[in-house]
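Enquirer: Let the sequences and hints guide you as you build the complete structure.
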Amino acid sequence: MTIDVIKPGLATSIQDTGRQGNYHLGIPPSGGMDQRSLRAANLLLGNPEGAAVLECALMGPELQFTESRCVAACGAEMTPKVDGEPQPLNEVFRVPAGSTLSFDFVKAGARLYLAIEGGIDVPEKLGSRSTYSLGSLGGLEGRPLQAGDQLDLMPAATSTQEGRRLPELLVPNFSKHYMLRVMSGIYDHRLTDESRERFYEEDWTVASEADRIGYRMKGGSQLSFIDREPPFGAGDDPSNIVDACYPMGSIQVPSGSEPIILHRDAVTGGGYAMIGTVISADMNWVGQVQPHQKIRFVRVGLEEALAARAEYQQLMAALRQMP
Amino acid sequence: MTATKATTTSAQVRYCLAGDEFLFVELSEEMTLEAFFRSLSITQRLKTMSIPGIIEICPANASYQVRYDPDQLSAEVLQETLETLDREVSAQKVRTVDTRVIEVPVLYNDPWTHETLMRFRDRHQDPSGTDLDYAARINGFDSVDAFIEAHSASPWFVSMVGFVSGLPFMYQMVPRERQIQVPKYLRPRTDTPKQTVGYGGCFSCIYSVRGAGGYQMFGVTPMPNYDPTGQQPHIDDSMIFFRPGDIVKHRAIDRDEYDRLSADAEAGRFEPRVVPFTFDLDDFNRDPDGYSSRIEEVLYDH
Chain A
560 MTIDVIKPGL ATSIQDTGRQ GNYHLGIPPS GGMDQRSLRA ANLLLGNPEG
610 AAVLECALMG PELQFTESRC VAACGAEMTP KVDGEPQPLN EVFRVPAGST
660 LSFDFVKAGA RLYLAIEGGI DVPEKLGSRS TYSLGSLGGL EGRPLQAGDQ
710 LDLMPAATST QEGRRLPELL VPNFSKHYML RVMSGIYDHR LTDESRERFY
760 EEDWTVASEA DRIGYRMKGG SQLSFIDREP PFGAGDDPSN IVDACYPMGS
810 IQVPSGSEPI ILHRDAVTGG GYAMIGTVIS ADMNWVGQVQ PHQKIRFVRV
860 GLEEALAARA EYQQLMAALR QMP
Chain B
62 MTATKATTTS AQVRYCLAGD EFLFVELSEE MTLEAFFRSL SITQRLKTMS
112 IPGIIEICPA NASYQVRYDP DQLSAEVLQE TLETLDREVS AQKVRTVDTR
162 VIEVPVLYND PWTHETLMRF RDRHQDPSGT DLDYAARING FDSVDAFIEA
212 HSASPWFVSM VGFVSGLPFM YQMVPRERQI QVPKYLRPRT DTPKQTVGYG
262 GCFSCIYSVR GAGGYQMFGV TPMPNYDPTG QQPHIDDSMI FFRPGDIVKH
312 RAIDRDEYDR LSADAEAGRF EPRVVPFTFD LDDFNRDPDG YSSRIEEVLY
362 DH
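So the protein lines, in turn, are chains A and B. Under the numbering used here, the first residue of the first sequence is numbered 560, with each subsequent residue one higher. Under the numbering used here, the first residue of the second sequence is numbered 62, with each subsequent residue one higher.
Take the hints with a grain of salt, since some may be wrong.
[Unchecked claim] Here are the in silico distance ranges between beta carbons for each label pair:
hint, chain 1, residue 1, chain 2, residue 2, range
1, A, SER767, B, THR339, 43 to 53 angstroms
2, A, THR764, B, GLY201, 43 to 53 angstroms
3, A, ALA876, B, PRO113, 13 to 23 angstroms
4, B, PRO172, A, MET738, 43 to 53 angstroms
5, B, VAL335, A, GLU760, 49 to 59 angstroms
[To be verified] Only some residues are given here: those of chain B computed to face chain A with a beta carbon under 8 angstroms:
hint, residue
6, MET92
7, PRO120
8, PHE224
9, PRO244
10, GLY272
11, ILE301
[To be verified] Looking from chain A toward chain B, a few residues come up when the C-beta cut is under 7 angstroms (computed):
hint, residue
12, HIS583
13, GLY585
14, ILE586
15, SER695
16, LEU696
17, GLY792
18, VAL801
19, ASP802
20, CYS804
21, THR827
22, GLY829
23, THR836
24, SER839
No lab work stands behind these hints: they were computed from the structure. Bear in mind the structure is a predicted one, so any value in this text is a computation, not a measurement. Built from N, CA and C at the ideal position, the CB exists for glycine as well.
Expert: Next up, the structure:
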């Protein structure tokens, strides 16, 4: 049983829940940027929650199935089509043998997760099937899909129910203007008081450089750093620090001009000051922001971050118990 | 705001929450061997404690980071644990670390980084020369050869592994007045040859894969340090060769030797020279140059 990739889409890669424990060696977690939608698609199908799926960014692929399989598409709103016939999002449907699955243009969100009955079968690398392109690791030959690729599948699950649908309450509502919650810190004391406040008061526009590595933002005011004698080894730019680890979700500001939110394929360390970190509960949303959409950062403390985390866990529990 | 409450200072050390899953600890704002050694000692001890809820422990040059699961371990308890470890490490009478000395052969001034640096000349501080010319001049060396001699004569500590797949950051074991310092490119390149020996700030590095980069480029090594396909006998299942705390000695090689060693690596036959070693920080501080010679003796007499 294979799936033939006719057209790869804009940036389609095999992802699962990612790999842990290699960050200190420079290998980031990878995995679907929107874990909620990735897991929802697998749970709908009756797959293991962390089975490997296709993450399809902005423009979906065209896939031909050699054998009949059920699929579920969650996340960004791109209408799936089987041989040209529209199919529902957030609902299990069947792709017959010989049929072609394609996707309409994206109406909301940025990444669709296509789970296929059984899950995609590629070798696990360091405990995960996720693609990490910078390190040519995981997925299919460590890279996004290309035309002509063939995807192998794991044996089909026995519990799949055609027509099973995600309860309306569990379907994400995509926005065009996100409020991302951020815990300030690590190096924001290097900013002037005025810049530190203004960062949270302005809208930022997502630049076209927005991918699995990071989301670059434009449109806000230049951030100013407090004058200083550069610490030995840091470098001369005011935004430089002695190279350190970058937490996932941290926001760095090279030269104070265009903040970058680091995501699941990010470099694990470097020499730019980080001025805040997106809380874990909001990282899924980052992966659903389209280029040119707007973001406002909202400063929160640990208690609010933990409350948001608990709320997210309740949502995931509800997904696992859906009828 | 509770966020500001999360940053606390004890002596010079800064503990800072980064989101709800990371605790970042800055031991020193500037790079020092003392700070690196402390980061390494604390993180090594923390690892052996196998505390439930700790997901990843990442030592860096003068700082470290712990990823934890706040549902299993509170930030407060984690910080207290780290503060206790820091006190223990700081009170240690004997400051040693069991490590290894590794020889890295380098073809300086090679044709591949030269071709690349010429392509990105408009992003460099000094478009008229090469990265080596520039680094030699601003560090006060008479010639590129004298600069290469300084880069390869004294050993280096691997002070951090990261950025991309196993890239080692290295800090040279010489007194501060002899540390080489160079700025990064004005704008990062979109290309760097695989296994380029680079330099930025006070750190040398070896790029593990081809890709973007901002460090000055001095040469290439035939020695692979990242092995996603499992073909290199000197690299284990982690796919990564270097570890923080490794001691590296560069050896300048010529094109013939480079070609021979590259062919070996290609065929999965490359074996680096690696010797176990116990590093003693106080012995080193008493006589850095003498200690460097001893490391070289250990490497070549073994």
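Enquirer: Hints first: check each against the structure and report whether it holds.
Expert: Now the hints, each set against the structure:
1. A hinted range of 43 to 53 angstroms holds for the C-beta pair A:SER767 and B:THR339, which are about 52 angstroms apart.
2. As the Cβ distance of A:THR764 to B:GLY201 is approximately 45 angstroms, the hint placing it in 43 to 53 angstroms holds.
3. About 21 angstroms separates the C-beta atoms of A:ALA876 and B:PRO113, a value consistent with the hinted range of 13 to 23 angstroms.
4. At about 52 angstroms, the beta-carbon gap between B:PRO172 and A:MET738 stays in the expected band of 43 to 53 angstroms.
5. Remark: the range hint 49 to 59 angstroms for B:VAL335 to A:GLU760 is upheld by a beta-carbon distance near 54 angstroms.
6. Interface restraint check for B:MET92: the shortest CB-CB distance to chain A comes to about 3 angstroms, inside 8 angstroms, so the restraint holds.
7. The beta carbon of B:PRO120 is positioned within 8 angstroms of a beta carbon in chain A (closest approach about 7 angstroms), and the interface hint is therefore held.
8. With a least beta-carbon distance of about 5 angstroms to chain A, the hint placing B:PHE224 at the interface is held under the 8 angstroms criterion.
9. Nearest Cβ of chain A to the Cβ of B:PRO244: about 6 angstroms, under the 8 angstroms cut. The hint holds.
10. Evaluation of the B:GLY272 hint against chain A yields a held restraint, the C-beta minimum of about 6 angstroms falling below 8 angstroms.
11. Because the smallest distance between the Cβ of B:ILE301 and any Cβ of chain A comes to about 4 angstroms, under 8 angstroms, the interface hint for this residue holds.
12. Annotation: interface hint on A:HIS583 holds; nearest CB of chain B at approximately 4 angstroms, less than 7 angstroms.
13. With 7 angstroms as the threshold, the beta carbon of A:GLY585 comes within range of chain B, its nearest partner Cβ sitting at about 4 angstroms, so the hint holds.
14. Hint on A:ILE586 holds. Least Cβ distance to chain B is approximately 6 angstroms, under the 7 angstroms limit.
15. For A:SER695, the suggested interface contact is upheld, since its CB lies about 6 angstroms from the closest CB of chain B, less than 7 angstroms.
16. The interface hint given for A:LEU696 holds, since its Cβ lies 5 angstroms from the closest Cβ of chain B, which is under the 7 angstroms cut-off.
17. Hint on A:GLY792 holds. Least Cβ distance to chain B is approximately 3 angstroms, under the 7 angstroms limit.
18. At about 5 angstroms, the closest approach between the beta carbon of A:VAL801 and any beta carbon in chain B falls short of 7 angstroms, and the interface hint on this residue holds.
19. For A:ASP802, the shortest C-beta to C-beta distance to chain B is roughly 6 angstroms, which falls under 7 angstroms, so the interface hint holds.
20. For A:CYS804, the interface hint holds, the least distance from its beta-carbon to any beta-carbon of chain B being 4 angstroms, beneath 7 angstroms.
21. Because the smallest distance between the Cβ of A:THR827 and any Cβ of chain B comes to about 4 angstroms, under 7 angstroms, the interface hint for this residue holds.
22. The restraint placing A:GLY829 at the interface with chain B holds, with a minimum CB-CB distance near 6 angstroms, inside the 7 angstroms limit.
23. For the restraint placing A:THR836 at the interface with chain B, the shortest Cβ-Cβ distance is roughly 4 angstroms, inside the 7 angstroms limit, so the hint holds.
24. Taking 7 angstroms as the C-beta cut-off, the interface hint given for A:SER839 holds, the closest approach to chain B being about 5 angstroms.
When the structure is compared with the earlier hints, no violation turns up for any of them.
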